[in-house]
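Chains as they are written, first to last, in this note's numbering: chain A, 408 to 538; chain B, 13 to 146; chain C, 2 to 290.
No wet-lab data here; the hints were simulated from the structure.
Each hint should be verified, as a subset may be incorrect.
Residues of chain C clear of chain A, computed beta-carbon distances all greater than 10 angstroms [what the hints assert, rightly or not]:
hint	residue
1	L39
2	K147
3	R155
4	A258
Keeping only pairs whose Cα atoms sit at most 20 angstroms apart, straight-line, the calculated SDA-like set for lysine to any residue is [claimed, not checked]:
hint	chain 1	residue 1	chain 2	residue 2
5	B	K122	C	L220
6	C	K227	A	H508
7	C	K154	B	G85
All values reported here derive from a predicted model rather than from experimental measurement.
Backbone N, C-alpha and C define an ideal beta-carbon position, used for all residues, glycine too.
These are the residues of each chain, in order.
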Amino acid sequence: MEQIPILQVGEFLLVSIQVDLHDRLVLRLQDDLTAQVVKKQAKGVLIDLSTVEIVDSFIGRMLGNMAALSQMLGAHAVVVGIRPAVAITIVELGLSLNNVHTALNVDKGIALLQTLVKQSSAEVRDEAYPL
Amino acid sequence: MKPTHFEILPLQSDEDLVQVRQKLRARMVELGFTLVEQTKMVTAASELGRNALLYGGGGTARLESVEDSNRLGLRMTIEDQGAGIADIEQAMTDGYTSGSGLGLGLGGSKRLVKDFELWSEPGLGTRVTIALWK
Amino acid sequence: MTANKINRLTEIFTRHEKIMLEDWLREQLTALSARQDLISEPDLCRQSAEFLALFTPACRSGSLTDINSPEWKPVLDFLASVSRSRAIQGFSPSETATFVFSLKQTLLAHLRKELGQDAVALADEMWTATVLLDKLGLYTTEVFQKSREEIIKRQQMEMLELSTPVVKLWEGILAVPLIGTLDSSRTQVVMENLLQSIVDTGSRIAIVDITGVPIVDTLIAQNLLKTVAAARLMGAQCIICGIRPQIAQTMVHLGVAFGDVVTKATLADALAYAFRQIDCTVIQQAPRV
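Whenever a hint applies, use it, and build me the whole structure from the sequences.
Put into structure tokens, the structure is as follows:
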């Protein structure tokens, strides 16, 4: 059965979507990704959409879900590589994706994840040793 | 407005919907629509196709090139013989859904493709036509 | 009967081509006397001669009632090129159609001379000639209008592009100075230009300056927010600046808000904020003594 590969890069997971997405495939990805975040104890998830030609309301909702689920399991999520035409269409469609972090490309996404991880570990220290 | 070329595609599964999107995209590239236009129209077709699959039990997608006095266009009609829509106005409202979606399918498609026509009769089915002109 | 008819018109043209051309030119020069600034006499002469050189053979071999038959193709193509160039030169549609219509007078005068005795034949020929030239004249108007529409469309596109530049202020910082109103088609162009520039320059910050936007109503605010949202999807943060006091007042009055988008009063404030965002420090050097 078709499956979208999830790669491990250090403490992060990288999902690079290279096929034409359909609903069943996205649902399966959501299951796989949550399982992998737990199994690999990932600190961050990077979803690369640079070859994705459309994001409709279902795919958009699933992106939001995956970000929320990862967050719940202790990993930050960043969506990268959204194409200009796709970004315009998402906005016109009325999707907000407000709870999802975004970056221009994989490089910048990894940098953003590192900042987010640093910030949250600083928060944890602050809570552990209150002044 | 007269159709110059048309084809009818099945719409019974997720894979069929992917096919419909790819065929539509290919025709739009041929006709020279811009990347943004292509993306909007294909996204709208994807929303409507999903509705037909989820709520109409599947149907067909008719893809046709059209021509009126001085412009070329592309038209897609997505049709199912499902339960139909009882309250069209409500169905067009953002955020309303009878299923588990976001309720952006119909309203969103209309925003993406201004040429939008919806016909539905409870018990008979639903037919949505979208078109984009050069 | 038909063969006879074709022969008459063709005959006149073939036999009197030179004289007809002279008469026709005179007609045109009177009709267009005010437009000699747009087209020179030799040019007009050349166009007219070329037209007759195509028209006569078409009359000979083609149908006189159906200008869509292949024999007429060269004539139509030539008329199309004349109409197009006149549309660009600034002729009016009627001045353009005059090119063909003025031939009518010349032709009718010659027909009268040839067939003066035979009233029935004269009426017949006149009718055929009138219908034929009317069709050709209308065709020039049609092409003329289409060309004008194309010119207008192109100018609109050029204006859209002119009025929505995206400039790079600093490594990682773009600015979009908006001038005029922001309707939905302009929003599309702004979004496309901005997003492409974000990709091209790898920028993280985009400053949208609305100093030149005269009013911000609900629709314009919505369009601005769309632009901000689209940029955010590409990983770039937008700062809206240049909100003049009276505009801020109208916005509050209308209940328009930019939500959680960062807004600054001036472009300078926005740039200072952007520098902080990308961890860039600007240092004022001590004044030289």
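Okay, the hints, checked on the actual structure:
No beta-carbon of chain A is positioned within 10 angstroms of the beta-carbon of L39/C; the least distance is around 43 angstroms. Under the 10 angstroms C-beta cut-off, the non-interface status given to K147/C relative to chain A holds; the minimum distance is some 30 angstroms. Every C-beta of chain A lies more than 10 angstroms from that of R155/C, the closest at about 23 angstroms, which supports listing it as non-interface. Look at A258/C: its CB is around 16 angstroms from the nearest CB on chain A, clear of 10 angstroms, so calling it non-interface holds up.
In summary, the hint linking K122/B to L220/C is supported, as the alpha carbons are separated by about 18 angstroms, within the 20 angstroms threshold. Using a Cα cut-off of 20 angstroms, the hinted pair K227/C and H508/A holds, with the two alpha carbons roughly 17 angstroms apart. In summary, the hint linking K154/C to G85/B is supported, as the alpha carbons are separated by about 18 angstroms, within the 20 angstroms threshold.
Hint violations for this structure: none, all hints satisfied.
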